[in-house]
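The listed protein sequences derive, respectively, from chains A and B. Using the working numbering, the first residue of the first sequence is number 1, and each one after it goes up by one. Using the working numbering, the first residue of the second sequence is number 1, and each one after it goes up by one.
Honestly, the hints are just simulated from the structure, not real lab data. Here the structure is a predicted model, which means the values were calculated and not measured. Possibly wrong hints are sitting among the right ones.
[As the list claims (entries may be wrong)] Reference excerpt, derived from the structure (chain A facing chain B, CB under 10 Å, subset only):
| id | residue |
| --- | --- |
| 1 | GLY34 |
| 2 | VAL45 |
| 3 | THR66 |
| 4 | VAL67 |
| 5 | TRP80 |
| 6 | ALA82 |
| 7 | ILE108 |
| 8 | TRP252 |
| 9 | LEU257 |
C-beta: ideal position from N, C-alpha, C; glycine also.
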Amino acid sequence: MEIPYVTQPRRDTGLYNAKVGIWLFLASEVMLFGGLFASYIMLRVGAPEGTWPTDLLDVPIGTINTVVLILSSVTVVLAWSALKLKNFKQYRRFQAVTILCAVTFIVIKSFEYREKFTHYDVVLVTGERVDGHLKERGEDEQGEEYLVLSHPVSYPAVNGIAYRPEAVREQKKSGQIDADRRIAQSEVKSIKNWSPAANTYFAIYFTMTALHALHVIAGALVIAWIWGPGASLWKTDPERYINRVEVSGLFWHFVDLVWIFLFPVLYLL
Amino acid sequence: MSGHSPEEVQLEKKRYLTVFYILLVGTVVTVAAYFVELPWQALTVLVALIIASVKGFFVAGYFMHLMDEKKLIYVVMGFTFFFFLGLLLLTIWAWADTPISSW
């Protein structure tokens, strides 16, 4: 039995069914990310003044990823146009670039995550807080463990609350970047890396960006399947194939749209 | 969008490239605004969100073809936008709804 309305629009909606389906799905996705954006606003507004972390993320890296996603969005829509003009080869080239952009985005993101997981926040017994990238760890001649942090930022913790943004601003203004800092185990009161458990900022950052990255992976897999094994449909039912490309493209643009808001909110503000 | 003639598609291709350049410029402006110290933090937030919204408009309007869609899609997305705004604004409103203002 033939499935109805896979290419022909329904008389009541004026659309083929998959298109109605993807838009309903995107509506639910808007609410999913909307809930997370609302959580972000609540956490940020609720943080004591001067304590919400800023300047923790790499802006140039985030900018590169933004450009990568924008490029992938335009190649998706150009690929669809190529199919409408019955140019399958050109479609293949454009979608190959899209898939490459998706892989690039994920690779860059994973490097970014690694940077965070190897960045340590140390509270010293003196009450001072130091954070920096783990450069080295080992044991000295006396058998005491130590670690060396590169590009450290140090600042006092007042009543257990760390005013890091202020310390970073002062450091930037003075143009001074501290030399590597060696910290012995006996100096350390507590230590944790910049994982989701580090603070509310990283909790919401990892939740939102990881969920977005999962969308990138899922979208790329669907596009790659249509581009590769699913391409045989082009020979048997080209209209249906074009519709599949359009529907997967709509999802991809949504992924780009979410990043357009995530980038300034998490990296710049 | 399935009934487009080749001429229309050719015209749209040019439009997609224009939108692509607009999005690139928008990204540069967003990052540039980050490096410029504006007098108030609220202004920085406003500028960043306005630029993001403009970029979002171009992606949704042209890449996702929302400028030229069927009524049903507008109805679905209209309701979604309404509830999305409610989600954001009601949480902010609830923030102020505490018995003691300093909480």
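Outcome of the hint check:
1. Hint on GLY34/A holds. Least Cβ distance to chain B is approximately 4 Å, under the 10 Å limit.
2. Proximity of VAL45/A to chain B holds as hinted, the smallest CB-CB distance being about 6 Å (cut-off 10 Å).
3. Below 10 Å, beta-carbon pairs count as interface contacts, and THR66/A has one with chain B at about 5 Å; its hint therefore holds.
4. At about 6 Å, the closest approach between the beta carbon of VAL67/A and any beta carbon in chain B falls short of 10 Å, and the interface hint on this residue holds.
5. A hinted interface residue such as TRP80/A counts as satisfied when its beta carbon comes closer than 10 Å to some beta carbon of chain B; here the least separation is about 8 Å, so the hint holds.
6. Hint status for ALA82/A relative to chain B: holds, with the closest Cβ pair at about 9 Å, below 10 Å.
7. With a cut of 10 Å, the hint placing ILE108/A at the interface with chain B is violated, because the nearest CB-to-CB distance is about 15 Å.
8. The closest approach between the C-beta of TRP252/A and any C-beta of chain B is roughly 9 Å, which is under the 10 Å cut-off, so the hint is satisfied.
9. Here the hint on LEU257/A is kept, as its CB sits about 5 Å from the closest CB of chain B, short of 10 Å.
Checked against the numbered hints given earlier, the structure breaks only hint 7 and satisfies all the rest.
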